[in-house]
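S.K.: Let's have the full structure, built from the sequences with the hints guiding it.
The chain contents come next:
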Amino acid sequence: MMALVRAENITKIYGAVTARSKEDVTSGAVATRALNAVSFEIEPSSFVSFVGPSGSGKTTLLNLIGCLDKPTEGKLEVAGVDVLHLSMRQSASFRGNNLGFIFQDFNLIPVLTVHENVEYPLLMVQNVPGGQRRERIFAMLEAVGMVDQKDKYPDQLSGGQKQRVAIARALVANPKLVLADEPTANLDHKTAFLVLSFMKKLRDELETTFIFSTHDQKIVGEAEIIYSLEDGELTGKQVKAGKENA
Amino acid sequence: MLNLFKIAVRNLLRYKRRTLLTASLISLGVVFVLLFVSVTGSFKSMMIGQMTDSMLGHLQVHRKGYLAAIDNLPLNLNLKTPSYRKLEKILSQRPEVESYSPRIKFGGMFSTFVETTNIRLNGVYPDLELKTVPLLASRVTDGADDGTLNKGEIWVPELMAKSMKLSVGDTVVIVATNQDGSVNGKQFGVSGVLESVTGPGGRDGYIHIEDAMDVLRMSEMEVSEIAIRLKDFGRLHAFTEDLSALLAGERNNQGKPLFEVHNWESLSPFYNIARLIDIMTFFIKLMLIAVVLISIMNVMIMAVYERIREIGTIAAIGTLPGKILSLFVLEGLSLGFLGVVTGNILGYFIIAVLNASKISFNFGRQTGLVLSANIDWMDMLTISVIVILISVVASLQPALKASKMDPINALRHV
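Sequence order for the protein chains is D and C.
First residue of the first sequence? That's 1 in this note's numbering, and the numbers climb one at a time after it.
First residue of the second sequence? That's 1 in this note's numbering, and the numbers climb one at a time after it.
Just to be clear, a hint being listed does not mean it is correct.
With a Cα cut of at most 30 Å, we get these calculated DSSO-like pairs of lysine-lysine [claimed, not checked]:
| no. | chain 1 | residue 1 | chain 2 | residue 2 |
| --- | --- | --- | --- | --- |
| 1 | C | Lys404 | D | Lys70 |
| 2 | D | Lys152 | D | Lys190 |
| 3 | D | Lys176 | D | Lys152 |
| 4 | C | Lys6 | D | Lys150 |
| 5 | C | Lys6 | C | Lys401 |
| 6 | C | Lys86 | C | Lys231 |
| 7 | D | Lys176 | C | Lys231 |
| 8 | D | Lys218 | D | Lys240 |
| 9 | D | Lys200 | D | Lys218 |
| 10 | D | Lys75 | C | Lys404 |
| 11 | C | Lys256 | C | Lys89 |
| 12 | D | Lys70 | C | Lys401 |
| 13 | D | Lys150 | D | Lys200 |
| 14 | D | Lys176 | C | Lys323 |
| 15 | C | Lys16 | D | Lys150 |
| 16 | C | Lys186 | C | Lys151 |
| 17 | C | Lys6 | D | Lys152 |
| 18 | D | Lys75 | D | Lys176 |
| 19 | D | Lys240 | D | Lys75 |
| 20 | D | Lys237 | D | Lys70 |
| 21 | D | Lys201 | D | Lys152 |
| 22 | D | Lys150 | D | Lys201 |
| 23 | C | Lys323 | C | Lys16 |
| 24 | D | Lys70 | C | Lys323 |
| 25 | D | Lys152 | C | Lys16 |
| 26 | C | Lys323 | D | Lys150 |
| 27 | D | Lys152 | C | Lys256 |
| 28 | D | Lys176 | D | Lys70 |
| 29 | C | Lys16 | C | Lys6 |
Derived coverage of chain D by chain C (criterion: at least 3 residues anywhere in the stretch with Cβ under 8 Å from a Cβ of chain C; other residues may be distant) [what the hints assert, rightly or not]:
| no. | region |
| --- | --- |
| 30 | 31-44 |
| 31 | 65-74 |
| 32 | 99-106 |
| 33 | 110-123 |
Simulated from the structure, these hints should not be mistaken for laboratory data.
Glycine included, C-beta positions come from ideal geometry on N, C-alpha and C.
M.R.: Rendered as structure tokens:
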């Protein structure tokens, strides 16, 4: 099976490559190697987690996979596309058609209702026609159990409800891959497990690949494939029983 | 676009007080500009109306060189009969012309048998003159205010009547020298006293044109000028150009141009005041542009700064930079539109109140002129278009900044 994400020796360095003066050091211009020659492959319909302490490079890696940033070195393919050479506009278009995002702080648009937040990617990114749009929004809101709350604004929802809306928004556009950076960091454990169970359920139903990052060991166990990161390097891969072929 | 507009309006409503304050500022600017434009505009058109409708006419045709020597009222620069007939034929065929009035202008001695002074006179056909300058009749403060000026009658300027203690019914003598140097005199009965108006010819007396020919011993009519009134004053410049071009081909025996055409702007010093009003209006509009530009730019810069994470989110989920740009431009546009609509309604209401209160003012010797502030729909439209365009321009820089924002940096923003 063709890998959905293929990374070969990807390295990400922030700032200047070498320090030329004392000011460079104090100003933070000195090179920071956030990722160092990381290679991995992720198959479609996987439920993958990148785990590691703060500063290990999880967010950087997710940003690279999500075409929000580009690696300094290496090769990265997402959904069969070499994302290194995409322009800003092409990246935006690629994200809109292939990727979904779930953020730690939910990042719902405060002036839009639940329904409108979920509708946003269909309307503003994919230009899906009205009838089809309504069907997909309803199905997604039903899947995350938010149909009753569809006319509420984000500030009227609890953290868990907000994240369920964010999941619906990420999935409504039928992405090949959903990226979630610390999706449960702002939730209590009970809600966090509930949110993850929603993600898993939708993965099963829609066969969408989920990649999420976390530093919470209790949450990590929910993933089927776990990549460990430390100081920008991939230090291990755990595959749950029954997922060995992934 | 409609959906972007919906989001833009919701974003404006997010900060209601700020939106309200900015829209109020724009509205106030629009109201002040509308008031200024309507009041000065009505003052200007009233004054232009006074000049053109009570003495000058909309435009005048003279023999070439007459206007440069007009202070001397040179009889040798009058238009001879063939030239006048030619001009009359041209004017009678032009559909733009409402009416025209030939005038013989000359200077003479004015005597009451007790006192003698100088006078400038216009010899006119009363019916043609009143069609061409319809407010002339209203200047007759004493006597025949129905506009009848029969042969043997004279309308005397008010100041002269006062200083020489003249009243309607008195007999006076006019003595003038014709272009051959022969002197002639004629008795006239005062049939009206003419109120003065500011500007050239505002203190002239009037007699019948045939009396003028008698006094000047003209065997054939020679006219000093022809005053013309147009059906549509708005066509003044176009008609002046047309007529000038048409008459440019008319040459005298020496092959030199025969006629010169001047509209009221080159005949009256009030034109400079009118120009000054236009310049002031321009600067007032410039101030409005500055108010709109600064206030909308300020609001939009704040909006972008406050919503950096939100911009990062919509960019991350695939919103194209062009749509992000449109979203912020639409916000500025909506704000400007709100200000314009409110400003126009308020302005229209205030102008109506101003007109209903019948404010009067004086201009020169004219007193009790009632201010009638009229706002032209074209002015309203122009001001609205300016504000809306400036709103877009003011939003462009913040909108561009938002559209070019790096999603990662935007998402990291606290």
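S.K.: Now tell me, hint by hint, if it's right for this structure.
M.R.: Hints, one by one, checked against the model:
1. With a C-alpha separation of about 16 Å, the suggested pair Lys404(C) and Lys70(D) falls inside the 30 Å cut-off, and the hint holds.
2. Simply put, Lys152(D) and Lys190(D) have alpha-carbon atoms about 23 Å apart, close enough for the 30 Å limit, and the pair holds.
3. Under the criterion of a C-alpha separation no larger than 30 Å, the hint pairing Lys176(D) with Lys152(D) is consistent with the structure, at around 29 Å.
4. As the CA atoms of Lys6(C) and Lys150(D) are separated by approximately 18 Å, the hinted pair is consistent with the 30 Å bound.
5. At most 30 Å may separate the alpha-carbon atoms for a hinted pair to count; Lys6(C) and Lys401(C) meet this at roughly 21 Å.
6. Pair hint Lys86(C) plus Lys231(C) holds up; C-alpha atoms about 21 Å apart against a cutoff of 30 Å.
7. The suggested pairing of Lys176(D) with Lys231(C) is violated, with an alpha-carbon distance near 74 Å, which exceeds 30 Å.
8. Under the criterion of a C-alpha separation no larger than 30 Å, the hint pairing Lys218(D) with Lys240(D) is consistent with the structure, at around 15 Å.
9. A distance of roughly 16 Å separates the Cα atoms of Lys200(D) and Lys218(D); the hinted pair therefore holds under the 30 Å criterion.
10. At most 30 Å may separate the alpha-carbon atoms for a hinted pair to count; Lys75(D) and Lys404(C) meet this at roughly 25 Å.
11. Between Lys256(C) and Lys89(C), the direct Cα distance comes to roughly 21 Å. Compliance with the 30 Å bound is thereby established for this hinted pair.
12. Distance check on the hinted pair: Lys70(D) and Lys401(C) sit about 21 Å apart at the alpha-carbon level, within 30 Å; holds.
13. Taking the CA atoms of Lys150(D) and Lys200(D), the gap is about 22 Å. The hint holds against a cut of 30 Å.
14. Straight-line distance between C-alpha atoms of Lys176(D) and Lys323(C) comes to about 23 Å, which keeps the hinted pair within the 30 Å bound.
15. Our distance criterion of 30 Å between C-alpha atoms is met by Lys16(C) and Lys150(D), whose separation comes to about 24 Å.
16. Between Lys186(C) and Lys151(C) the CA atoms are separated by roughly 11 Å; this keeps the pair inside 30 Å, and the hint holds.
17. The suggested pairing of Lys6(C) with Lys152(D) holds, with an alpha-carbon distance near 17 Å, which does not exceed 30 Å.
18. Straight-line distance between C-alpha atoms of Lys75(D) and Lys176(D) comes to about 20 Å, which keeps the hinted pair within the 30 Å bound.
19. Annotation: proposed proximity of Lys240(D) to Lys75(D) holds, straight-line Cα distance about 27 Å (limit 30 Å).
20. Restraint check for Lys237(D) and Lys70(D): the C-alpha separation of about 24 Å stays at or below 30 Å, so the hint holds.
21. For a cut-off of 30 Å, the pair hint linking Lys201(D) to Lys152(D) stands: about 24 Å separates their Cα positions.
22. As the CA atoms of Lys150(D) and Lys201(D) are separated by approximately 21 Å, the hinted pair is consistent with the 30 Å bound.
23. Simply put, Lys323(C) and Lys16(C) have alpha-carbon atoms about 24 Å apart, close enough for the 30 Å limit, and the pair holds.
24. Under the criterion of a C-alpha separation no larger than 30 Å, the hint pairing Lys70(D) with Lys323(C) is consistent with the structure, at around 23 Å.
25. For a cut-off of 30 Å, the pair hint linking Lys152(D) to Lys16(C) stands: about 20 Å separates their Cα positions.
26. The suggested pairing of Lys323(C) with Lys150(D) holds, with an alpha-carbon distance near 25 Å, which does not exceed 30 Å.
27. With a C-alpha separation of about 86 Å, the suggested pairing of Lys152(D) with Lys256(C) is violated against the 30 Å cut-off.
28. A hinted pair counts as satisfied when its Cα atoms are at most 30 Å apart, and Lys176(D) with Lys70(D) qualifies at roughly 20 Å.
29. For the suggested pair Lys16(C) and Lys6(C), the alpha carbons sit about 15 Å apart, so the restraint of at most 30 Å is met.
30. Remark: the region 31-44 of chain D is not confirmed as covered by chain C, as 0 of its residues place a Cβ nearer than 8 Å to a Cβ of that chain, below the required three.
31. Beta-carbon proximity to chain C at under 8 Å applies to 3 residues in the region 65-74 of chain D; the threshold of 3 is reached and the given coverage holds.
32. With a threshold of 8 Å between beta carbons, the proposed coverage of the region 99-106 of chain D by chain C holds, since 5 of its residues qualify and at least three are required.
33. For the region 110-123 of chain D, the assignment as covered by chain C holds, since 6 residues bring a beta-carbon within under 8 Å of that chain's beta-carbons and 3 suffice.
Going through the hint list in order, the structure does not satisfy hints 7, 27 and 30.
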